[in-house]
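Chemist: Taken in order, these protein sequences are the chains called A and B.
No gaps in the numbering here: position 144 of the first sequence is 143 in numbering that gives the first Met the number 0, and each next residue is one more.
No gaps in the numbering here: position 639 of the second sequence is 638 in numbering that gives the first Met the number 0, and each next residue is one more.
Derived from the structure by calculation, the hints contain no laboratory data.
A quick note: this is a predicted structure, and the numbers were derived from the prediction, not measured.
Note that CB positions come from ideal geometry on N, CA and C, so glycine has one too.
Any given hint might turn out to be false.
[Stated by the list, open to error] Which residues of chain B face chain A? A few of them, derived with a C-beta cut under 10 Å, are:
hint, residue
1, Gly48
2, Pro61
3, Ala118
4, Ala134
5, Pro277
6, Ile282
7, Glu286
8, Leu287
9, Val332
10, Phe842
11, Lys906
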Amino acid sequence: MAYSQPSLLPDALGILKQAGVRIIAGGTDFYPALKAGQHPENLLDVTRIDGFSDITQSEGGTRIGAAVTWSDVVRTDLPRAFDALKQAAREVGSLQIQNAGTVVGNICNASPAADGVPPLLALNAEVELASAAKGKRVLPLEAFIRGVRQTALMDDELVTAIIVPKPHAGMTSGFEKLGSRRYLVISIAMTAANVLLDAKGRIAEARIAVGSCSAVAQRLTALEAGLIGQDPADVGISPIDVAALTPIDDVRGTSSYRLDAVRHQIQRAIHKAVS
Amino acid sequence: MNKALSDTPTPFRLNGREAAPMLFPGQRLSEVLREGLGQRDVKIGCDAGDCGACTVLIEGEPVCACLTPAHQVAGREVETVQGLHANDPVAAKLAQSFLDHGAAQCGICTPGMMVSAVALLRDVPEPTEAQVQDALGGVLCRCTGYRKIIDAVMGAPSVAIATAGKVGDAVQHLDGIEKVSATVKYGDDIAPVGCLEILVIRSPHARAVFEIGDLEGFAQAAGLDAVLTAEDVKGQNNFGVIPGFEDQPVFAERETRFRGEAVAALIGARDVLRAIDPEMVPITWTELPALQDMDAAEDQKADQLHHGRENNVMCTGFVTCGDPNAALGRAHVIVEGRFESGFVEHAYIEPEAGFAEVVNGRVEVHACTQAPVMDLEGLERVLGLDRSDIRVVPTATGGGFGSKLDMSVQPYLALAALKTGKRVRLCYTRTESMQCSTKRHPSDITLRIGADKTGNLCGFDFCGRFDTGAYASWGPTVANRVPVHASGPYRVADYIAQAKGVHTNNPPSGAFRGFGVPQAAIAQECLFDDLAEKLGMDALEFRVLNALDNGVPTVCGQVFDQGVGIKACLEALRFAWTEERAGVEAFNAQNDAVKRGVGIASGWYGCGNTSLPNPSAIKCGIRADGTVVLHQGAMDIGQGANTVITQIFATALGAEVGQITLVGADTDVTPDAGKTSASRQTFVSGNAARLSGEALRAMILERLNVAEDAALEFSAGEIQATDAGGARVLDLSALEADSDGYVLRAEESYDPPTKPLDKNGQGHPYAQFGYAAHLAVVEVDTALGTVTPVKFIAAHDVGQAINPMLVEGQVHGGIAQGLGMALMEEYIPGRTENLHDYLIPTFGDIPPIETIIIEEADAHGPYGAKGLGEHVLIPTAPAILNAIKHATGVRLFKGPAIPSVVHATLKKSVT
């Protein structure tokens with residue numbers, strides 16, 4: 000029985016060599032998922048590991064440490080391409096959740112409705128993992144999240160950071176979330192749009208990522224290609240543009256509703272990105 | 000640092016002091032604060048980050064203590080509301096502002112609200128409304144509708160005034176200070192740390208037969224102190240709230256009838272129970288096909304839930320007058336519709352909780368409740384004890400709204416205390432609370448209404464089915480109330496209304512603010528709009544034309560020659576109705592995707608029980624030292640009975656509220672003021688308080704032989720009375736004290752005059768009705784189907800506002816619940832058993848609300864006052880639905896109007 004709060008990464012990775020260690024950071028997904036009578040006894044708290052709470056920016060890009068909270072993201076001065084991520088950060092649960100919950104925890108929880116995933120997909124984010132046995136590896140976010148509540152994380156592995164390659168200085172972004180109430184709401188659908196315009200104000204590059212409309216949030220690559228050269232004000236989204244999505248019917252909305260709503264949402268996210 | 004911390008204390012600063020608790024791995028900070036460190040001011044509403052009640056500051060930042068591993072605060076500064084209140088001037092000022100606005104009602108969310116607000120105000124001393132909403136958006140409140148909290152945090156000018164607290168004065172809540180300082184104790188706040196706890200084992204299936212295996216062996220192996228099953232129920236293993244309908248077992252025997260029904264209870268130390276997975280308990284379940292809805296339950300071949308209730312019909316209600324068929328036959332226009340609604344969860348932020356012990360051979364139960372004497376009677380029945388062997392002492396109640404009228408934790412606590420002889424404690428988890436507490440009845444209503452050429456109503460035919468779930472609870476009340484109220488506050492000469500409660504294998508439906516009337520009002524008020532449209536009449540003027548009035552009979556044939564205030568309510572909205580519609584027209588001309596609409600709806604509600612005795616008793620006394628004591632047994636569940644009843648009493652006596660010492664509900668010392676239900680406390684208990692105050696005053700006047708209008712002054716050991724003839728003094732120390740220590744005392748009761756209903760529902764069901772009309776402005780995003788209320792204007796006839804600030808508080812809270820019912824709330828058994836799948840309105844969902852108080856005095860009400868608690872909810876949902884129709888042209892027949900539903904309906908209307 001132990002609750003470990005190491006300050007050095009090698010020590011954390013050493014602890015993970017034992018079987019049955021659960022990783023905890025903000026706790027915002029950990030506790031609600033506990034079932035009656037179940038209490039993991041070996042917990043590795045990653046929030047005090049050196050560097051894990053930092054967002055660092057360099058020529059290569061931006062590194063979001065594994066203990067960086069949503070509030071940290073909101074407070075940090077970041078390029079405009081990160082606006083969607085910041086807007087998403089303000090929509091995660093509530094301020095209480097944003098102060099404790101981490102960006103990395105959000106991707107590790109791998110909920111189809113994770114608010115952080117579409118903006119990170121639109122940023123071409125990568126996930127840095129480490130283990131004592133194999134050292135570091137980096138996976139694209141698309142490869143890291145493999146399904147509903149499934150990731151590529153191995154038992155002895157820790158996500159150390161999210162790495163965002165440096166976006167084009169002119170890239171802007173916008174996030175749209177749809178829920179049945181204002182705060183503390185799980186998304187019915189959400190969209191992040193990162194857009195780069197050419198000198199004529201036409202779309203030179205578009206990255207559109209949609210969440211809550213498939214098992215894993217996804218980029219709509221065919222749509223992205225089709226958007227190039229368009230005036231963002233005139234963009235219209237057709238059913239074919241969202242054909243890759245496979246939303247389900249649940250208490251929050253029907254599949255057909257999501258497919259309809261997300262078309263408007265994509266349009267609005269693009270408008271928000273360029274406004 | 001890389002070592003297990005579990006065997007060493009974890010030091011941190013708590014409210015400015017050093018703390019160093021021993022922790023186990025992963026222990027929640029909320030538990031450590033409440034159990035180890037005595038911070039019961041930190042409230043637990045959900046244990047999932049959904050309600051924010053447990054908000055504390057860590058290094059100045061608000062977080063949910065229930066989601067924080069306690070180890071994480073090592074070396075850090077933790078502040079709770081009590082610490083902030085004591086140490087931070089910002090918090091002290093905020094507490095005052097909460098009092099000035101009545102921003103704390105039941106008070107269970109207040110710690111979370113205040114902690115979040117202090118964090119904001121430290122950074123932003125003068126926040127905007129949006130900043131307040133963003134900062135406090137993580138804390139749910141079910142009572143206030145949030146607007147008063149916004150005012151309080153923004154430091155708006157005080158609404159409360161500092162006066163003697165006579166009837167009509169907007170004084171602060173008399174029990175407000177204990178709420179804003181978080182010293183008030185709720186159901187889970189009184190048990191001593193370390194006492195035995197109870198884990199109730201519940202059915203995982205909507206319907207199942209079960210066999211209990213070797214429970215004793217399991218208990219021994221697990222280290223439990225005792226177990227309880229149906230065999231331990233020494234009295235009758237059934238309880239209920241309506242005589243003849245006591246059908247709910249404390250523990251099911253052989254078969255369970257709904258998901259979450261109790262079958263056994265385990266009693267043990269907290270650490271022992273924590274390790275128990277309910278699935279490990281030796282019970283063999285065989286799932287049976289369940290009746291999931293009323294259609295299935297009424298099928299000829301359906302299994303019967305209860306013997307003697309054929310076709311699963313629990314009971315019916317009926318009212319008719321005139322000749323509805325003939326009237327509909329000659330009507331110029333007819334509208335009709337079928338309206339359906341689902342379960343609505345009360346979602347008070349305090350889960351059911353309590354504590355029990357055996358004292359001198361008597362069992363004492365302390366729990367949150369709306370009806371302490373009904374709890375006593377229920378316990379008497381299931382325990383098989385004489386009532387003199389039971390004491391019920393209510394704790395503060397963190398919201399009720401109807402569901403805490405029924406017993407919940409009480410039988411388990413009493414049985415466990417009696418079986419073990421030890422102190423025991425039980426607090427439901429949020430999921431447990433949602434699974435097993437009562438709900439608002441799902442409804443299936445068909446209604447036809449006719450009108451003649453001039454717009455007068457001409458025939459009304461209402462038929463409603465209500466899913467009453469597995470057990471009766473308050474279902475019979477719904478079946479009886481709905482036909483009496485389904486007309487709305489209008490003159491309907493030719494009327495028929497039938498209602499029935501149908502049993503299913505769903506959770507028991509019971510009392511929820513309005514007893515089925517809000518569901519009926521949706522059908523009636525929506526069709527009134529359609530009728531007005533068909534007639535080419537203005538929707539407001541159509542209502543005014545048909546509104547009840549003094550001297551005009553109700554559908555029960557009851558004629559009030561005074562006090563009918565619906566016309567005044569509607570007329571009070573006329574100006575806004577014109578203004579807002581013009582504003583909306585201008586808005587819509589400028590906007591394509593987003594459309595606005597204005598809707599109105601009325602409501603009425605009979606105060607007190609329907610044609611049944613309904614007495615309240617209020618006792619008071621004066622001690623030799625001059626203390627005036629009021630035994631105030633009307634449960635204050637946040638609505639303000641402690642304040643309102645005291646204001647009435649003080650006015651009758653001729654004292655100031657500040658001079659009155661309150662003794663709360665306690666079945667040993669305070670007489671029965673009846674249940675907090677049916678909008679009856681201000682009216683019924685208020686009258687008992689008035690009579691009691693008048694009686695005490697009469698004694699004083701008589702002893703001093705002074706005039707009726709003498710002014711009284713209460714001071715230490717004496718009362719001075721001054722009239723035209725001068726001042727006289729009553730020396731209290733010269734009087735003999737009775738066994739309660741009172742030298743003067745009075746106890747009076749009041750029972751509203753009603754007459755039974757005959758077979759056609761004709762009679763005098765209530766001594767008074769209250770009336771209301773709401774206007775709602777909404778914005779509909781037609782692309783996404785989202786509905787955003789923009790503003791409400793609510794006119795309420797309360798007869799006499801005892802405390803206008805508290806009236807506004809009720810109106811705001813009722814509108815918030817009505818809005819939730821209209822736009823987002825639907826409880827689905829097995830699916831939405833938490834507060835993130837079951838959505839109630841948050842801080843950002845309630846727009847500004849303007850309250851118009853109409854005072855059409857009622858001859859029976861204390862100082863003319865009428866009840867209000869349920870009226871505030873009834874017109875809201877239909878006003879919103881009518882506004883959506885105005886905005887989009889689309890009528891919704893099945894709630895709630897979640898975006899998906901609105902979108903689908905809009906789409907259908909286009910194709």
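Chemist: Each hint: holds or not?
Modeler: Evaluation of the provided hints:
1. Checking Gly48/B against chain A: minimum C-beta separation of about 6 Å stays under 10 Å; hint holds.
2. Hint status for Pro61/B relative to chain A: holds, with the closest Cβ pair at about 5 Å, below 10 Å.
3. The interface hint given for Ala118/B holds, since its Cβ lies 8 Å from the closest Cβ of chain A, which is under the 10 Å cut-off.
4. For the restraint placing Ala134/B at the interface with chain A, the shortest Cβ-Cβ distance is roughly 6 Å, inside the 10 Å limit, so the hint holds.
5. At a threshold of 10 Å, the smallest CB-CB gap from Pro277/B to chain A is about 6 Å, leaving the interface hint in force.
6. Given hint, Ile282/B at the interface with chain A, is violated; its Cβ is 15 Å from that chain's nearest Cβ, farther than 10 Å.
7. A least Cβ separation of about 20 Å between Glu286/B and chain A goes past the 10 Å threshold, and the interface hint is therefore violated.
8. Evaluation of the Leu287/B hint against chain A yields a violated restraint, the C-beta minimum of about 24 Å exceeding 10 Å.
9. The beta carbon of Val332/B is not positioned within 10 Å of any beta carbon in chain A (closest approach about 35 Å), and the interface hint is therefore violated.
10. Because the closest C-beta pair between Phe842/B and chain A is about 6 Å apart, less than 10 Å, the hint holds.
11. The restraint placing Lys906/B at the interface with chain A holds, with a minimum CB-CB distance near 8 Å, inside the 10 Å limit.
Violated hints, listed in ascending order, are 6, 7, 8 and 9; each of the other numbered hints is respected by the structure.
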